[in-house]
Amino acid sequence: GAGVSQSPSNKVTEKGKDVELRCDPISGHTALYWYRQRLGQGLEFLIYFQGNSAPDKSGLPSDRFSAERTGESVSTLTIQRTQQEDSAVYLCASSFSLAGTSPTQYFGPGTRLLVL
Amino acid sequence: KQEVTQIPAALSVPEGENLVLNCSFTDSAIYNLQWFRQDPGKGLTSLLLIQSSQREQTSGRLNASLDKSSGRSTLYIAASQPGDSATYLCAVIPGTDKLIFGTGTRLQVFP
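Order-wise, the sequence lines are chains W and E.
So for the first sequence, the numbering used here puts the first residue at 1; every next one is plus one.
So for the second sequence, the numbering used here puts the first residue at 1; every next one is plus one.
Bound-form chain E, shown alone (with noise of 0.2 Å):
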């Protein structure tokens, strides 16, 4: 069965910080690795699919990456800001249907 286990549970941190988060599944056998954002009281924010093919995806301040080997992949946010204070989740997607999600990572960014 797989299981996603995302690393730090919560992060506090300043702004202007470098950030990575980590996600790590047990069943190498992906199609893709979706991270999303998700805030209080709202759906969740696609930020980055990457496709079992590809090593890392990068969207402005964000960057991800992927070893399928080894079953991690790590979000990084340059200069965070306050704006970023979310809740972050990866989710590896075994075919082509359902998302199995990780717990997610809680990060808070302070001026």
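In isolation and in its complexed conformation, chain W is listed as follows (with noise of 0.2 Å):
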């Protein structure tokens, strides 16, 4: 079946405008994960959603970060107000996920985003 997608795979913005990521996570997965890859730095995580559970948003650098899920599906993650700090890699990663249990995340191909 299909994978993880995200939307758009590359974004170019200017400092100061707001951008929106799209994840898509694999039909039937409960739990979906934001992380950040920044040049020559490993993955940070971000924001994690499980059902409908609050989400852990324990990774976000700042308020300008912010990210949505609707029910167990697609999900947005915003930056408002962009510094070029902010530029990197954005991955989703979904997984089935049961009470107490630690499944294996399958991730998208990511979105590059450049703040000049």
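Don't read these hints as lab results, they were simulated from the structure.
One thing to keep in mind: the hints can contain errors.
[Claimed, not checked] Each computed DSS-like pair below joins lysine-lysine, with the alpha-carbon atoms no more than 27 Å apart: (1) 57/W <-> 15/W; (2) 42/E <-> 11/W; (3) 15/W <-> 42/E; (4) 68/E <-> 1/E; (5) 1/E <-> 57/W; (6) 57/W <-> 17/W; (7) 57/W <-> 42/E.
[Said to hold, decoys possible] Far from chain E, by Cβ distances over 12 Å, these chain W residues were calculated: (8) 14; (9) 16; (10) 17; (11) 52; (12) 61; (13) 65; (14) 66; (15) 68; (16) 72; (17) 81; (18) 83; (19) 114; (20) 115; (21) 116.
Beta carbons: idealized from backbone N, C-alpha and C, even for Gly.
Reassemble the complex: the two chains are provided individually, in unrelated frames, and hints are given to aid placement.
If you want it as structure tokens, here you go:
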């Protein structure tokens, strides 16, 4: 079946503009994750959605970052008033997560964001 | 705070060599450990998932081991091929949610 998809694949924006990144998880996956990978650095956790529970936002770097997820489907990561340090690849992952388990996360191809 | 380190940062070898990639983590209270490969312009591909109760997992030419007490995991690649060229990432799973990644080992296998 289809894997995790993300759009756009590339985004160039000007400093100060808002951007929206989209993630379509694998159908039926209850958990969805956003990560960020800045150039030359490791992947950083941003936010985690699990079913109807309150999301874990502990990785969001500032209040300019927010994310939403409708049910167990699409998620949108929004960055307001973008800064140059926001330039990175934003990766989304999903998994079929039952309580008390830690299943494999499947990653999308990422959105490469460049803030000029 | 959990920190994950991978050594070496980069590796270039001729085809056919057996390789060992190292991953160390500072907090042994992990749930699972997962190895991924990342190809340029593509997302991450899961290679092996080792649960905390296991000591190793094997898939084809890949073997990953886990020693929780010493905070170490190794990924062994047998008979390396040019198609193995990629960045290899290890990630620890402290609970049932987010992954904490290492900075990766960039592998190049030349013919």
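Here's how the hints hold up against the structure:
no. : hint          : result
1   : 57/W <-> 15/W : holds, 24 Å
2   : 42/E <-> 11/W : holds, 15 Å
3   : 15/W <-> 42/E : holds, 26 Å
4   : 68/E <-> 1/E  : holds, 16 Å
5   : 1/E <-> 57/W  : holds, 17 Å
6   : 57/W <-> 17/W : holds, 22 Å
7   : 57/W <-> 42/E : holds, 25 Å
8   : 14            : holds, 24 Å
9   : 16            : holds, 28 Å
10  : 17            : holds, 24 Å
11  : 52            : holds, 15 Å
12  : 61            : holds, 14 Å
13  : 65            : holds, 15 Å
14  : 66            : holds, 17 Å
15  : 68            : holds, 18 Å
16  : 72            : holds, 16 Å
17  : 81            : holds, 26 Å
18  : 83            : holds, 23 Å
19  : 114           : holds, 14 Å
20  : 115           : holds, 19 Å
21  : 116           : holds, 21 Å
Taken one by one, the earlier hints all hold for this structure without exception.
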